[in-house]
Amino acid sequence: MKADAPPKLSFWRKSLNARSALLYLFPSILLFAVFIFYPMFRTIYLSFFLTDQQGAAALFVGLENYAYLFESKEFRNSIKATVLFVLYTVPTGVIIALFLALIANERLKGIGFFRTVYSSTMGISVAASSVVWLFLFHPSIGMFNRLLNVMNLPGVQWLLDPDWALVSISISTIWMNIGFSFLILLGGLQNIDEYLYESARIDGAGYWYQLRRITIPMLSPTLFFIITISLINAFQTFGQVDILTKGGPSQATNLIVYSIYREAFVNYQFGTASAQAVFLFICILIVTILQFKLGEKKVHYQ
Amino acid sequence: MKKVELVGVSKSYDKKTEVISDITVSIEPGEFFVLVGPSGCGKSTMLRMIAGLEEITGGILKIGDVESNWLPPSKRDISMVFQNYALYPHLTVEENIIFGLHVKKISKTERKKRCEDVAEMLGLTPYLKRKPRELSGGQRQRVALARAIVNQAPICLMDEPLSNLDAKLRAHMRSEIRQIQRRLGITMIYVTHDQVEAMTMGDRIMILHDGKIQQIGKPIDIYNNPANPFVATFIGSPPMNIGEGKVNQEKDQVVFSEEAKLAIPEEDRQLLKTDRIIVGIRPEHLKAATKETKTEDKVYVKTTNVEVLGNETIFSFEMGGREWMAKWTGQWRIDVGDVVPIVISYDSVCLFDSDTEKIIKTPTDIENHVFDKEVFL
Chain A
1 MKADAPPKLS FWRKSLNARS ALLYLFPSIL LFAVFIFYPM FRTIYLSFFL TDQQGAAALF
61 VGLENYAYLF ESKEFRNSIK ATVLFVLYTV PTGVIIALFL ALIANERLKG IGFFRTVYSS
121 TMGISVAASS VVWLFLFHPS IGMFNRLLNV MNLPGVQWLL DPDWALVSIS ISTIWMNIGF
181 SFLILLGGLQ NIDEYLYESA RIDGAGYWYQ LRRITIPMLS PTLFFIITIS LINAFQTFGQ
241 VDILTKGGPS QATNLIVYSI YREAFVNYQF GTASAQAVFL FICILIVTIL QFKLGEKKVH
301 YQ
Chain B
1001 MKKVELVGVS KSYDKKTEVI SDITVSIEPG EFFVLVGPSG CGKSTMLRMI AGLEEITGGI
1061 LKIGDVESNW LPPSKRDISM VFQNYALYPH LTVEENIIFG LHVKKISKTE RKKRCEDVAE
1121 MLGLTPYLKR KPRELSGGQR QRVALARAIV NQAPICLMDE PLSNLDAKLR AHMRSEIRQI
1181 QRRLGITMIY VTHDQVEAMT MGDRIMILHD GKIQQIGKPI DIYNNPANPF VATFIGSPPM
1241 NIGEGKVNQE KDQVVFSEEA KLAIPEEDRQ LLKTDRIIVG IRPEHLKAAT KETKTEDKVY
1301 VKTTNVEVLG NETIFSFEMG GREWMAKWTG QWRIDVGDVV PIVISYDSVC LFDSDTEKII
1361 KTPTDIENHV FDKEVFL
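Each protein sequence line maps, in turn, to chains A and B.
Note that the first sequence covers residues 1 to 302 in our numbering.
Note that the second sequence covers residues 1001 to 1377 in our numbering.
Everything labelled a hint here was simulated from the structure, so no lab data went into it.
Take the hints with a grain of salt, since some may be wrong.
Stretch-level coverage of chain B by chain A, calculated; a stretch enters the list once three of its residues show a Cβ under 8 Å from a Cβ in chain A [unchecked claim]: (1) 1066-1075; (2) 1084-1090; (3) 1096-1105.
Taking beta-carbon pairs under 7 Å as the criterion, some of the chain A residues facing chain B (in silico) [claimed, not checked]: (4) LEU196; (5) ARG201; (6) ASP203; (7) PRO217.
Built from N, CA and C at the ideal position, the CB exists for glycine as well.
All chains, please: the whole structure from these sequences, using the hints.
Spelled out as C-alpha cells, the structure:
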C-alpha cells in the first residue's frame, strides 16, 4: 500500500522542464530584453517626465506631455500626414504587387528574369534608393519633369510643393516596398495547387472567375500578412522622409516617426518625443488588433 | 454516353522523343475503360490529353465523332476526378459540388436539386455544410466523385482516384464507382497503376508501357492470353513466372534449367523457329506432383520463402536463375528449405518468341470453369 503513494518530488526536480526551457529561451530573452523591452519601458517612463539635454529624467509631469501633444497643431498635422501616407501607400502597394505577382506567376519563357526584376527593390537600401529618387524628382534635371516637358506639360515641384511632397514620398515608398510584397505574394500564388485550376478549366471557369473564386480566397492568408506588414511599415517610415524632404515643405511630410526624431534629437525634448512614440505604439497596436478581428472571418487558413 | 476515339495519337515535349506514341483505340459509349501501366508509362499524360489539359502533338482525338484536338477542356463534355481530389479547401462540400454548375449558369433551384440528388446517392447529405479539411479521406473522395457526376457529363475521366485510400476503403470504393458508372451509363476512362483495379473494374483494359500500347482487351482475355512477357508479368498477382528456355536440336524439348525440361508435342514443333524461347507459367498452374505423376515429369525445387494466406499457400523457389512462385489452394505445411516435387504441365505454359517478345503459344489448360444451365436446376 505504501508503495502506491506518489513519491514526493523536490521543487528542484519538478522544475526540471521549466529550467531547461528557460535555458533554451535565454539567448532570445537576453536580446529582446536589451533591445526591445528595456527601450520600450524606458520610453514609457520618459514620456511622464521633462528631461535635460542628455535625456535624463529631470521633472515628473504626469500626463502633461500627452496633453501638450494633443494641443499642438504641429503634432495633429503630423498625424494627418501619417494617416494620408498610409492610405496612399498600403492599398496601392499591395494591389500593384498582387498584379505583378499574378503576371509573373504565368509559365512563360524567361519569366525568371521578370521575377528577379520585380523583386529587386528588396535588395536596395532605403538610403540608396532615396538618393536615386532625389534625382528623379529634381525640378530641372529630374526624369519626371523632363518627361512632362516632352509632353508639353508644366513641370511639377515634386518635393518642394506642399501639395505634391507627400505624394512624391508615397510614390517612392510604394516602389521600395513592392519587391518584398511581390516576393511574398508570388510565393503564396505558387503554393496554390495547380489541380484546382485544371479542375476549374474543365468546369469552364474563365480567368476572372478563377481569380475571384480560387486565387484570391486561397491567397487570403498571404494577403492578410502583407497588408499587416505594409501597414506597420508605413506607420514607421523614416528614411525616405529624412533624405528626400526632411519633413518639409511646411511640415507636409512630417510623418510621426520623423517628428519623434526631430523632437528628440534636434529639439532635445525627450519627454514629448517619448510621448509621441507611445502614442504611435498604441495606434499601431489598435490598428493591428482591429485588422485581426475584422480580417479573421475573411481569411481562409488551410 | 459518348464515344471517344484516338487515332495515332502521340505526345512529345521536345519534338524529338515521344512520351506517348501512336495510340489508336476506340472507347465505346458507356464503356468502363481502364488505362493501366507502371509509373511513368504515360497513362496520366494520355488522360490529360483527352481532357485537354495537355496538348496533343500528333494524331486525332475524336469525342462523339467530333474532332476535338483543339477544343478547350470545358467544351469536351467531360468531367474529371483528380488523384488528390482537387477540392477547393475554402468552399464547403456543397459549394464544391456545385462549383461547375455555377460556372455553367444553371439555375439556383436546379443546382440545389442536383446537388441534393448526388449527395443522397453518395451518402454525403450530412456533410454538405462542412469544409473538405473536416472530412476523412474516403469522404473527400466521395465529394470529388460527386463533383464529377453532378455535371451529368457523358464522359468521366479518373486519374488514380483511389490511390490515397487505405486497402479496405479502396476495395469498397472500387465496387461503388463501378456501380455508379453502370447506373448512370457514363463512358468512363479510368487510369490506375494497380492491376487489381484494372482487372476488377474494367470492361476493357489497355496496358501501356513506355508510351506504347502493349495490349487492349477484356481483363480475362488479357490474363489468359498475354501478348508479351511484360503484360504477362504485369497482370496477375503473384506475377507470371518467366524463364528463358533453350530449344534442343530435335525440337522436342525446351530446357530452362538443369532440372526442368518441357516436352513439346509433335504438332507444336513447327512453332519453334529459333533456338531460344521465353517460357511463362502462372503460379496457380504449377501443381504438386502426385503418386501418379511420371518420374520424368517431376521437378524438385527447394523453397526459399513460404507464405500461408489461410486459404492458399504461396511459396517461392529458384528456377534457372530467377525467383519463381507457386500458388496452391489450401494450407500446405511447407518449411523454408524443403524440397518439393512439382509438375510443369505443357498445356498451361505460355511461350514467347525471345526476339520479338510476341506470344507463340497460349495456355490451353487454364482451369476455367463454366456454369452450365443444368447446374442451377
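Hint check results:
Only when three residues or more bring their CB closer than 8 Å to a CB of chain A does the claim for the region 1066-1075 of chain B stand; here the count is 4, and the claim holds. Remark: the region 1084-1090 of chain B is confirmed as covered by chain A, as 5 of its residues place a Cβ nearer than 8 Å to a Cβ of that chain, reaching the required three. Under the rule that three or more residues need a Cβ within less than 8 Å of chain A, the assignment of the region 1096-1105 of chain B holds, with 4 such residues. This hint holds: LEU196 (chain A) has a C-beta 5 Å from the nearest C-beta of chain B, less than the 7 Å allowed.
Given the 7 Å rule on beta carbons, the hint for ARG201 (chain A) holds: about 5 Å separates it from the nearest Cβ of chain B. The interface hint given for ASP203 (chain A) is met, as the beta carbon of that residue sits about 3 Å from the closest beta carbon of chain B, less than 7 Å. Here the hint on PRO217 (chain A) is kept, as its CB sits about 4 Å from the closest CB of chain B, short of 7 Å.
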